[in-house]
Amino acid sequence: MNAVSVEHITKTYLQKEQKKEKKVTALDDVSFTVDKGELFGIIGPDGAGKTSLFRILTTVLLADSGKASVEGLDVVKDYRKIRDRVGYMPGKFSLYQDLTVEENLNFFATIFNTTVKKNYELIKDIYVQLEPFKKRRAGALSGGMKQKLALCCALIHKPSILFLDEPTTGVDPVSRRDFWDMIKKLKEQDIAILVSTAYMDEANMCEKIALIQKGNILTVSSPEKITSEFDQPLLAVRSDDMYQLLYDLRANKAVKEAYPFGAYYHVIPEDANKTKELEAYLQQKGQKDLEVKPIKANIEDSFIALMKKND
Amino acid sequence: MRVLLFLLQKEFLQIFRNKTILAIIFVAPVMQLLILPNAATFEVKNIMMSIVDRDHSSYSQKLVEKLRSSGYFILTDYSASYKDGLKAIEHKKADLVIEIPAHFERDLIRHSKADILISVDAINGVKASVGGAYATQIISMFNRDIRAEWLPATRYNNAPMINITYSNWYNPLMNYKTFFVPGILVLLLTLVGGLLTALNIVREKEIGTIEQINVTPIKKIQFIAGKLIPFWITGLVILTIGFIISALVYHIIPAGSFLTIYLFAAVYLVAFLGFGLLISTYSNTQQQALFVTFFFLMVFFLMSGMFTPIESMPHWAQVLTYFNPVRYFVEVIRLVVLKGSSLFDVKRQLLVMCMFALGFNTWAIVNYRKTT
Chain A
24 MNAVSVEHIT
34 KTYLQKEQKK
44 EKKVTALDDV
54 SFTVDKGELF
64 GIIGPDGAGK
74 TSLFRILTTV
84 LLADSGKASV
94 EGLDVVKDYR
104 KIRDRVGYMP
114 GKFSLYQDLT
124 VEENLNFFAT
134 IFNTTVKKNY
144 ELIKDIYVQL
154 EPFKKRRAGA
164 LSGGMKQKLA
174 LCCALIHKPS
184 ILFLDEPTTG
194 VDPVSRRDFW
204 DMIKKLKEQD
214 IAILVSTAYM
224 DEANMCEKIA
234 LIQKGNILTV
244 SSPEKITSEF
254 DQPLLAVRSD
264 DMYQLLYDLR
274 ANKAVKEAYP
284 FGAYYHVIPE
294 DANKTKELEA
304 YLQQKGQKDL
314 EVKPIKANIE
324 DSFIALMKKN
334 D
Chain B
2 MRVLLFLLQK
12 EFLQIFRNKT
22 ILAIIFVAPV
32 MQLLILPNAA
42 TFEVKNIMMS
52 IVDRDHSSYS
62 QKLVEKLRSS
72 GYFILTDYSA
82 SYKDGLKAIE
92 HKKADLVIEI
102 PAHFERDLIR
112 HSKADILISV
122 DAINGVKASV
132 GGAYATQIIS
142 MFNRDIRAEW
152 LPATRYNNAP
162 MINITYSNWY
172 NPLMNYKTFF
182 VPGILVLLLT
192 LVGGLLTALN
202 IVREKEIGTI
212 EQINVTPIKK
222 IQFIAGKLIP
232 FWITGLVILT
242 IGFIISALVY
252 HIIPAGSFLT
262 IYLFAAVYLV
272 AFLGFGLLIS
282 TYSNTQQQAL
292 FVTFFFLMVF
302 FLMSGMFTPI
312 ESMPHWAQVL
322 TYFNPVRYFV
332 EVIRLVVLKG
342 SSLFDVKRQL
352 LVMCMFALGF
362 NTWAIVNYRK
372 TT
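Chains as they are written, first to last, in the numbering used here: chain A, 24 to 334; chain B, 2 to 373.
Errors might be hidden in some of the hints.
Stated by the list, open to error - Pairs of lysine-lysine, PhoX-like flavour, derived with a Cα cap of 25 Å:
(1) A:K248 - A:K181
(2) A:K115 - B:K221
(3) A:K158 - B:K20
(4) A:K141 - B:K220
(5) B:K221 - A:K181
As the list claims (entries may be wrong) - Far from chain A, by Cβ distances over 10 Å, these chain B residues were calculated:
(6) L14
(7) K63
(8) S82
(9) K93
(10) I110
(11) I165
(12) T166
(13) K178
(14) F180
(15) I208
(16) T309
(17) L321
(18) N362
(19) V367
Calculated from the structure, these hints are not laboratory results.
Here a beta-carbon is modelled for each residue, glycine too, at the ideal position from N, C-alpha and C.
All chains should be modelled from the sequences, with the hints used to inform the complete structure.
Spelled out as structure tokens, the structure:
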């Protein structure tokens with residue numbers, strides 16, 4: 024039995040734009056499965072349909088068509104049973120800001136008919152960091168602490184699946200790393216985790232990822248496999264005049280694609296063997312401190328390539 | 002049941018932690034009960050009067066003295082001509098002008114007939130009509146005194162006279178506060194029931210906590226009950242505080258039984274909690290909820306008979322008041338507090354209120370299901 028299985032799910036919203044009702048497709052015939060105990064990432068830009076998918080799986084939104092099940096339970100028919108078993112952490116901090124850390128945790132334990140004591144083992148590692156602030160109101164916590172509390176509250180009833188909707192959006196880099204460490208530890212407890220994110224670099228933390236764009240799933244695979252399937256040569260290029268460099272690259276017919284990536288431009292040439300010619304061309308254009316090196320593709324390169332193909 | 006208890010505990014914790022809400026619940030009623038009945042008086046007093054005395058006789062002096070000593074009028078202007086008197090009204094120095102024409106005394110004695118002109122500033126309708134009526138009454142009393150002076154009462158004097166005596170039932174001293182304070186109690190209960198519930202539920206939507214709650218096994222009915230019960234209790238507590246203040250400050254003790262009032266209040270609160278819930282299902286932000294509730298409550302209050310008698314409204318407005326839940330409670334609380342009506346006397350209103358309670362709550366729950 025899969026932890027999650029999604030079959031041909033479609034969801035559209037009606038949006039009023041200039042007095043005309045417009046259909047906006049949030050999810051377009053989406054299918055994938057998540058194995059038990061798997062750390063599954065749903066990666067895509069804002070507005071790709073990640074939150075809609077999460078809301079359907081957590082039974083708070085109805086799909087237009089298609090079937091979805093969590094732990095073998097149908098999201099429409101058995102929604103009550105599913106709610107007992109899943110932990111959900113919405114993208115926006117959704118705990119009671121006027122209750123203290125302790126009160127929030129107790130409250131969520133109680134409504135799931137359990138106690139903090141019973142499942143303390145599960146949240147112990149995270150809660151020890153919160154312990155000094157347990158009498159503080161949730162609204163007064165720092166961003167990172169709020170997120171830890173939200174995770175604790177989502178875990179307190181010992182769910183078999185955890186849904187984390189953009190947990191690292193708007194969190195500082197150190198807290199982000201901490202958070203992924205926590206998630207990895209949770210995986211050892213045999214909890215399936217579905218996490219959505221817009222940060223490509225976080226894809227490598229997952230065992231399996233689904234790349235999603237405009238409601239379509241581009242690919243579902245392990246991050247290693249996705250990057251290894253990148254079948255084109257790739258160069259990283261930089262110089263002291265980055266602005267002019269992009270013009271020059273895009274003006275060259277031997278360059279298929281050039282886009283910024285960190286301190287470099289990633290360039291897909293027509294021919295992998297003509298790197299020397301490209302370098303000579305750029306030098307001739309007056310680029311100083313030029314650096315051209317072949318590199319291996321990462322997830323973002325794959326995603327951009329898949330996106331292009333999909334369009 | 003255990004879940005509900007925890008929801009209630011959480012709700013009370015939040016209410017007691019929110020200083021603003023706490024103030025609204027407990028300080029506002031006290032302030033309103035102490036200030037409103039004393040300030041917003043129905044009695045018209047301190048009417049500014051401009052006298053144009055063109056006669057300067059002993060009778061005209063007497064009449065002015067009589068008006069001044071009545072306690073309702075203040076002589077603020079003494080003009081030489083009617084024109085100047087009107088100017089005083091224009092400059093807000095007078096509310097009415099009384100002109101006593103020349104030869105007033107002579108005409109009165111010789112021809113047994115004299116005229117007096119009263120002009121009233123009618124910008125404030127209540128002040129104008131009441132002020133005018135007071136003046137007319139005082140002048141006619143003055144008239145009677147003169148008649149008595151000139152027609153000595155002999156046993157042959159058979160001028161017919163009706164002597165009127167009257168008594169005020171249920172409010173012997175005609176104290177308007179006795180009448181007004183119960184109305185304010187209704188106003189307070191309505192605010193807590195309607196407004197606070199709507200705001201509280203919409204707040205969960207606005208902050209996003211409802212997202213998290215929706216994914217838990219809490220049943221909708223538990224969630225709703227968890228929201229309504231605290232404000233139901235709060236409402237009854239406010240009513241009690243209100244009655245304590247009315248007894249201590251205004252010496253108003255219901256002539257009827259408290260049980261009748263509390264029973265009616267309990268049903269009334271359920272109706273308004275349903276109303277608040279209904280508003281909350283249609284609003285996404287506290288601002289929306291606040292303005293929608295405010296609109297309805299304003300209409301409900303003004304058309305409840307709390308401030309102006311329903312009987313003097315035009316027919317169509319009277320028909321509309323039948324759909325106003327506030328109307329029934331204002332009616333009932335006055336009946337019970339002043340007249341001592343029993344539960345049996347107000348059974349019709351209670352039945353209507355039960356229907357309101359059922360109607361609002363059903364509508365709210367149906368709509369709540371549809372939206373989430």
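Worksheet item: Beyond 10 Å from chain A, beta-carbon-wise, is I165 (chain B)?
Response: 64 Å, holds
Worksheet item: With d taken as the least Cβ-Cβ distance between N362 (chain B) and chain A, does d exceed 10 Å?
Response: 23 Å, holds
Practice prompt. Please confirm whether I208 (chain B) is truly not at the interface, meaning its C-beta sits more than 10 Å away from all C-beta atoms of chain A.
Written response: For I208 (chain B), whose nearest Cβ neighbour in chain A is about 7 Å away, the distance does not exceed 10 Å, so it is violated.
Fill in: Check on S82 (chain B) being off the interface with chain A, judged by Cβ distance over 10 Å
65 Å, holds
Fill in: K141 (chain A) paired with K220 (chain B) [C-alpha distance capped at 25 Å]
23 Å, holds
Worksheet item: Holds or violated: are the alpha carbons of K221 (chain B) and K181 (chain A) at most 25 Å from each other?
Response: Distance ~23 Å between K221 (chain B) and K181 (chain A) Cα, so the pair holds.
Item to complete: Evaluate the condition: distance from the CB of F180 (chain B) to the nearest CB of chain A exceeds 10 Å.
Response: 41 Å, holds
Worksheet item: When you look at the beta carbon of T166 (chain B), is every beta carbon of chain A farther off than 10 Å?
Response: 63 Å, holds
Item to complete: For the pair we were handed, K158 (chain A) and K20 (chain B), check the Cα-Cα distance against 25 Å.
Response: Answer holds: K158 (chain A) to K20 (chain B) is near 18 Å, not above 25 Å.
Item to complete: Grab the minimum beta-carbon distance between K178 (chain B) and chain A and tell me whether it stays above 10 Å.
Response: 39 Å, holds
Item to complete: Beyond 10 Å from every chain A Cβ: check whether that's true for V367 (chain B).
Response: 18 Å, holds
Worksheet item: With d taken as the least Cβ-Cβ distance between T309 (chain B) and chain A, does d exceed 10 Å?
Response: 41 Å, holds
The structure does not agree with the numbered hints 1, 6 and 15 stated previously, though it agrees with the rest.
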